[in-house]
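Input sequences plus hints: build the corresponding full structure.
From first to last, the protein sequence lines stand for chains A and B.
Here the first sequence stands for residues 140 to 377, where the numbers follow this note's numbering.
Here the second sequence stands for residues 557 to 896, where the numbers follow this note's numbering.
These aren't lab readings, by the way, just hints derived from the structure by calculation.
All C-beta atoms in this analysis are idealised placements derived from N, C-alpha and C, irrespective of residue type, glycine included.
Label-pair restraints from in silico Cβ distances:
1. B:A809 with A:P284: 21 to 27 Å
2. A:H364 with B:R743: 22 to 28 Å
3. A:A327 with B:E766: 47 to 53 Å
4. A:C154 with B:R743: 47 to 53 Å
5. A:L147 with B:A809: 36 to 42 Å
6. A:H364 with B:P864: 51 to 57 Å
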Amino acid sequence: MSGRGPLLGLAGIVCGLACWQGLAPLVMLPAPCAVVTALANVPPASCDPGTDQMALLSLTLSSALGGWLIGGLVGFVLGLLLVESRLANRLLMPWVRMPASLPGAVAAFILAWYAWPDGPAALLAAWLALFPVAVATVAGLRAVPPHWLDVMRGFSASPLETFLALRLPAAAPQLFAGLRRALATALAAAAAAGFLRAPPSAAGLFLLAAICGLLHAALDWTGRHLLRNAAPGRPLLR
Amino acid sequence: MPKIAYPWGHCVKWPAAIIVPGNGSFTVSDDSETRHPRVGPPCTCRRETVLNQISTQLTDLAPAPENPASQIAAWDEESPRPGADPAEHLVPVILLRDVGALLGPDRAGAVTLDVREDEFLCLVGPAGSGKTTMLRGLAGLERPAPAARGRNRRPAAGHAPSVGFMLAESTLFPWLTVRQNLWLPLRVGGRRKVDPWQVDALLGMLGLLEVANLFPADLPVRTRRLVELSRALVRDPSLVLIDEPFRGLDFSARRALADDLERVRAITRKTFMLFTRDITAAVHVADRVGVLSADAGRLLDVVNVALPRPRRAASPPGQAGVVQRIMELCGDQPRIAVTC
Numbered sequence: 140m141s142g143r144g145p146l147l148g149l150a151g152i153v154c155g156l157a158c159w160q161g162l163a164p165l166v167m168l169p170a171p172c173a174v175v176t177a178l179a180n181v182p183p184a185s186c187d188p189g190t191d192q193m194a195l196l197s198l199t200l201s202s203a204l205g206g207w208l209i210g211g212l213v214g215f216v217l218g219l220l221l222v223e224s225r226l227a228n229r230l231l232m233p234w235v236r237m238p239a240s241l242p243g244a245v246a247a248f249i250l251a252w253y254a255w256p257d258g259p260a261a262l263l264a265a266w267l268a269l270f271p272v273a274v275a276t277v278a279g280l281r282a283v284p285p286h287w288l289d290v291m292r293g294f295s296a297s298p299l300e301t302f303l304a305l306r307l308p309a310a311a312p313q314l315f316a317g318l319r320r321a322l323a324t325a326l327a328a329a330a331a332a333g334f335l336r337a338p339p340s341a342a343g344l345f346l347l348a349a350i351c352g353l354l355h356a357a358l359d360w361t362g363r364h365l366l367r368n369a370a371p372g373r374p375l376l377r
Numbered sequence: 557m558p559k560i561a562y563p564w565g566h567c568v569k570w571p572a573a574i575i576v577p578g579n580g581s582f583t584v585s586d587d588s589e590t591r592h593p594r595v596g597p598p599c600t601c602r603r604e605t606v607l608n609q610i611s612t613q614l615t616d617l618a619p620a621p622e623n624p625a626s627q628i629a630a631w632d633e634e635s636p637r638p639g640a641d642p643a644e645h646l647v648p649v650i651l652l653r654d655v656g657a658l659l660g661p662d663r664a665g666a667v668t669l670d671v672r673e674d675e676f677l678c679l680v681g682p683a684g685s686g687k688t689t690m691l692r693g694l695a696g697l698e699r700p701a702p703a704a705r706g707r708n709r710r711p712a713a714g715h716a717p718s719v720g721f722m723l724a725e726s727t728l729f730p731w732l733t734v735r736q737n738l739w740l741p742l743r744v745g746g747r748r749k750v751d752p753w754q755v756d757a758l759l760g761m762l763g764l765l766e767v768a769n770l771f772p773a774d775l776p777v778r779t780r781r782l783v784e785l786s787r788a789l790v791r792d793p794s795l796v797l798i799d800e801p802f803r804g805l806d807f808s809a810r811r812a813l814a815d816d817l818e819r820v821r822a823i824t825r826k827t828f829m830l831f832t833r834d835i836t837a838a839v840h841v842a843d844r845v846g847v848l849s850a851d852a853g854r855l856l857d858v859v860n861v862a863l864p865r866p867r868r869a870a871s872p873p874g875q876a877g878v879v880q881r882i883m884e885l886c887g888d889q890p891r892i893a894v895t896c
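Now the structure itself:
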């Protein structure tokens, strides 16, 4: 299965594109062939940077990735705080619950409030990436079996040693799942922010989707190889 | 039986430990320095030395399985006379006083027992007889239930270094190989200078070198339990506590694991305490079997198992009799699990 998996995935993509090509007149989106033609005809350097699709795309991607990294880091620290400190848990939990349900529509407000071009998109991406990671960190660290902790206590391990040797590796699968979810959220947020700034083109959308797929595959691959022994029912991430 | 030194120069003649729970305090004092000065040079292990020593010790100890007679001779120089207390000549090294205090203030004074040097003591009892609580208390994971409730109910900070334990649950970390799992106790708890060959020497003595690079998920349950036991041994403790090692094993695997326990005991000559519900397996491995009552923390009796060793393969004559006697002892306890 593992040998044929990528091939089958490729076949799936080709089939999907063929269906899209056939059904293009029925849906609003242009057919893949038209998208490829449009991409091929993009002028090397557009005169107007505001509508240059390539510049927009790179801006969207960089803000999504930057937001994902920052949001992931802050989310991890936040999750750690929520687990480790009861005081922090009491103080921060209402805040975590509230903005996690913020709808994407606030993007418009954030865009209107901040003037500089790529800041808001990254900020929005970080904001929305923060909560999946925080929640995953909390869930992962809380799910460490108590008898494993007993074993570390039996070795008279310090809290830091217990964290590094046991709790972090034990929480890693959940953490990775949270990071994957956060990547999807960050990309969606950055794309939405980009759309508000300039009208999107089908070609840009298409490229963005392709790059999203590649990023997810890369993250999947990393996770699978890092965590291949993380649990008895391995591989953990499928 | 000649005493076997670990290749890294630790003594195998155990330091005495005196364990006295009571008054809400729980101490393990280890006067090893006074009674049994460490023998042998400090660790100067090289790969060749270690492997040589392992091979000589293995040939001394465990001859080829097709020659059981020589194995018996090697293991069993101190084979007990029929009917004699097999641990008679051994000094008590661990004095368990009021272990019942772990179960609650009203149980104080309930279980009092002397564990003798190099002894394999089994405690059998039905579910709810306080086996696991006793083990956790002895391992330093729990304090005795204090008479004064309140803030000092928090568990002990860590166990005394001379106690190793193996819990009933599977506790090997699945993301580490067998060898890495055994390294872990040597690297945490303020220990920095670790000789990696220490682990390989132990694995070699227990016949686990072949699986050293495998992950726990790749091993059969019985081997996993054996690896857990060797992880409990890797810090060279004086007392080894084992909780319900036979859980989740079928009958033949139980027999095989009991053989393994007997073998590990013969190789390491440590003091073992095993808590189980399986009477047959307990009689298979133990020098003495303590029978706990169903109402937590009462020791009904201690039965001597004066059967020749090794008891592997065929049941030695007389095993059924001992099992029968223990079953009669707990005759009013229908919940006890019997597999015979």
